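If you're matching them up, the sequences are chains F and H in order. Numbers in my numbering are just positions in the first sequence, counted from 1, shifted up by 237. Numbers in my numbering are just positions in the second sequence, counted from 1, shifted up by 363.
Keep in mind the hints are simulated off the structure, nothing from the lab. Values in this document were obtained by computation on a predicted structure and should not be read as measured data. Among the clues, some could well be false.
Listed below are the simulated DMTMM-like cross-link pairs for lysine to aspartate or glutamate, each with C-alpha atoms no more than 25 Å apart in a straight line [said to hold, decoys possible]:
#1 Lys681(H) <-> Asp280(F)
#2 Lys595(H) <-> Asp526(H)
#3 Lys505(H) <-> Asp648(H)
#4 Lys428(H) <-> Asp648(H)
#5 Lys756(H) <-> Glu634(H)
#6 Lys690(H) <-> Asp555(F)
Letter by letter, the chains look like this.
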Amino acid sequence: MAVSLDPSAGQSGPSPEAGVSSAGVPIEGRSLGQIAWRRLRRDRVAMAGGIIIVFLILVAVIGPHLVQNPNTYNPNLVDPTFSRPIGPWGGISLAHPFGVEPVTGRDMLARTVVGAQYSLLIGFLATVLAVVIGVFFGIIAGYFGGWVDTVIARSMDVFLAFPLLVFAIALVGVIPDTAWGLSGNSLRVVLLVFIIGFFAWPYMGRIVRGQVISLREREFVDAARSIGARGPYILFRELLPNLVAPILVYSTLLIPTNILFEATLDYLGVGLIPPTPSWGQMLSNAVTNGFYYIDPMFMVIPGLAIFITVMAFNLFGDGLRDALDPRTH
Amino acid sequence: MKRRKSIAIAACAALTGLTLAACSSSSSTPTSGSSGGASSTGTSSGGAEAFNASLNGVVNPSTKKGGTLTFAESSVPDSLDPGDTYYDWTWNFTRLYATPLVTYKSAPGSAGLQITPGIATGLGTESANGLVWTYHLKHGLKFSDGEAITSADVKYAVERTYDRSVLPNGPTYFPTLLADPTYPGPYKDKKGTLTSVTTPDAYTIQFHLLKPFPDFNYVAAIPQTAPVPPSKDTGANYQLNPISSGPYMFSSYQLNKQATLVDNPNWTPTEDPQASQLASKIVLDLNVNADDLDNRLLAGDIDVDAQGTGVQAAARAKILSSPTLMKNADDALSGFLWFAYLNTKVAPMNNVACREAVEYAADKTEQQDAYGGPYAGGAIASTVMPPNIVGYKSFDLYNALSQPSGDLTAAKAALKTCGHPNGFTTGLAYRSDRPKEVQAAESLQAALARVGITVQLHGYTSGAYYTDFAGSPNYVHQHDLGIDMGGWAADWPDGYGFLDELTNGNAIVPAGNTNISELNDPVVNNLFTQATNPKLSSAAETAIWSQIDHEIMKDAAILPEVYAKSLLYRSPNITNAYVQGYYGMYNYAVLGVSS
């Protein structure tokens with residue numbers, strides 16, 4: 238973490254940990270990063286969230302290679318009269334640890350794992366897009382102020398007031414089958430990343446803008462200016478390093494929002510193209526067809542997957558904020 | 364033409380086709396089940412409670428009078444005004460207070476598909492050139508307010524349906540069939556009159572058509588011909604207190620909450636043998652939560668689920684796993700067909716052998732499961748017309764019944780004939796906001812992959828499906844949508860009602876197309892022309908419908924999937940219960956209560 242050590246830029250001021258040490262041991266200077274890390278490590282809830290995130294990422298990266306084909310039908314595992322899996326708990330067995338899907342008998346573990354891959358991929362990429370756009374415009378708006386700020390800040394308001402869901406549904410409906418050399422699901426992933434990320438940037442933009450406004454009058458910026466530094470240098474070499482903490486925190490909190498939004502779009506039938514599994518589609522299927530009554534596990538599993546993922550990111554994000562920004566204590 | 368099966372069909376695109384307002388496919392889950400077939404599984408009439416007993420017989424026959432009959436509906440009707448409604452349960456329900464010129468015979472089994480007189484003395488008679496239909500009214504009939512029913516009241520009832528700004532919901536057969544299509548309706552044009560309906564005397568009414576239409580009696584059976592006294596018409600508010608011409612009349616109606624009907628003192632059982640006045644009070648509760656409704660139905664709190672599309676998944680599981688409950692259930696054909704259009708213009712599907720390969724390779728069991736399984740989904744289909752349509756004849760060109768999981772050998776042979784021995788690639792359109800259709804699309808994709816046919820799925824919103832996507836031949840061609848999922852039901856149970864908009868070459872239109880296969884087979888078109896010959900006997904006409912069905916299947920223009928069924932629960936409290944074949948639900952006009 239490249240946090241500037243300029244004392245005037247430190248957000249923490251004299252922090253309690255910095256001076257406290259056991260008797261006899263010489264007091265060592267610690268970087269803000271080290272301090273934050275120590276605080277984070279002590280926050281058990283945040284660490285639990287972090288571990289779950291690491292686990293989820295492993296599942297998303299490696300998992301799809303280990304599970305069976307998520308699109309294999311197993312009609313022999315489903316009772317056609319009730320459309321529900323044979324056996325208790327949604328047909329859970331050694332071969333199908335999460336049970337099977339009603340109607341088709343497709344393996345739920347495989348579908349959940351592959352669903353995780355797409356959820357996280359889209360959630361991460363959309364967040365990256367939102368952060369890049371948000372930070373860029375936020376810094377510019379905050380630093381230059383004046384009419385530049387007015388234009389950018391008002392466009393953020395427009396974006397925030399936009400009926401995003403309606404727009405997303407319409408856009409997915411009219412987009413051609415092939416564009417930019419992509420087709421099918423890969424095009425759909427790009428499209429989802431674009432829609433979700435492009436409309437989430439103002440949240441990041443506003444936070445960055447606010448931070449920059451409070452930083453731009455600090456002495457170190459004046460100092461840089463007085464020795465002849467120009468706009469871009471000040472923006473990206475002086476201001477940006479001081480923004481790492483809030484950007485990191487809000488990115489972590491933006492990921493679960495984006496994952497939820499992706500699930501929403503899937504739920505509404507404008508997300509990934511079937512038969513590609515997605516959590517939102519599984520939920521939609523469970524709710525709309527009333528499977529939650531006859532096979533609750535079919536709703537519980539994707540529901541839990543979304544819940545745990547979102548919860549883990551939120552807890553970790555909160556802990557990270559506490560660690561990096563003790564003023565919130 | 365299709366009836367909206369339920370509210371859920373909001374998506375129905377109202378298309379003004381040549382003859383009909385078509386609305387495609389209901390999303391309402393026809394829950395239903397299967398006992399195998401049609402109404403052919405026979406039970407003797409009259410009788411005891413047993414599973415499917417009221418498909419072909421009357422359960423709990425009784426003439427006991429009195430009691431309160433309670434209906435409940437999980438949603439709301441489009442309107443209870445007989446002139447302004449297009450749901451099939453409301454058509455069934457309006458029979459309690461509105462008698463059209465002619466109506467369906469109240470009887471179980473296939474007899475219920477016949478048209479019999481309502482307020483008319485007999486069926487309509489067609490003039491020699493087929494352009495004029497004449498009906499004579501029974502004498503001495505009275506409205507619930509004591510006024511005599513005359514032909515002018517019937518004419519007025521038809522006139523008012525012309526104003527879609529006041530009565531937007533009903534079907535639009537009269538403006539499309541009658542010779543005066545631009546008449547604005549009595550609300551806008553108080554002095555004018557519909558010149559294509561004439562009333563030579565108080566008991567005779569004549570309809571003048573643009574061109575011959577042999578099925579006109581079916582049109583006259585729509586509740587829109589039930590008489591409405593002009594002096595009592597309140598336009599859009601008429602649904603709050605329609606003046607009754609049937610056995611019951613409204614005593615109160617809180618819009619979208621509850622309607623209460625009581626005996627109509629001016630109605631006599633002899634005037635309409637197709638209806639009865641057994642219960643002394645009828646209550647219709649609206650907006651009842653669907654699962655709660657099922658529970659109350661099973662508990663005996665509610666006598667009839669008005670919507671008649673079957674119970675929800677939870678109640679279905681309860682009923683099917685309990686022999687006691689099951690004996691009070693009926694698995695009725697709803698008249699709906701789930702199917703896929705196989706486009707005849709998109710390469711390589713323009714080659715009939717390629718379409719045959721799809722017919723053979725599809726796994727019909729998977730399709731059935733996708734739509735809800737044998738009870739809630741329906742029976743595996745091998746023809747375009749479902750069994751409760753006049754003209755249905757069972758045949759199985761592509762081994763759908765003998766090899767329901769697909770005849771892969773035949774499929775591969777067909778692929779060879781079509782010049783793509785290793786399969787081909789085509790697009791498949793479906794409505795992505797209907798989970799059952801999504802599952803059907805996915806399983807079709809998986810089934811066709813077995814013979815090398817690669818299917819690319821394209822999901823669309825149901826609202827624009829028939830207007831902008833699958834219903835636009837241009838769009839279909841540009842996106843190679845060789846396979847397009849669909850659902851269909853007829854406004855009246857004969858081959859014309861079911862097949863014309865679906866497969867007649869002249870039904871192909873640039874937007875809102877319902878002949879998505881773009882089938883323009885001269886043989887089929889010619890048969891349609893023959894069938895509309897006014898001189899044809901009805902038996903000959905029926906034979907032609909079967910023949911058309913066969914030709915369509917020979918063209919492999921439609922991949923039939925499932926004849927939809929509804930698992931209905933017949934409360935032990937109700938008497939005279941039987942499934943009216945045309946509606947696929949209990950006949951509401953004859954029910955009574957035992958307790």
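Here is what the structure says about each hint:
This hinted pair does not check out: Lys681(H) and Asp280(F) have alpha carbons roughly 49 Å apart, beyond 25 Å. At roughly 17 Å between alpha-carbon atoms, Lys595(H) and Asp526(H) fall within 25 Å of each other, so this suggested pair holds. At most 25 Å may separate the alpha-carbon atoms for a hinted pair to count; Lys505(H) and Asp648(H) exceed this at roughly 28 Å. Of the supplied pair hints, the one linking Lys428(H) and Asp648(H) holds, its CA atoms being roughly 22 Å apart against a limit of 25 Å.
The suggested pairing of Lys756(H) with Glu634(H) is violated, with an alpha-carbon distance near 36 Å, which exceeds 25 Å. Proposed proximity of Lys690(H) and Asp555(F) is contradicted: the alpha carbons are some 58 Å apart, above 25 Å.
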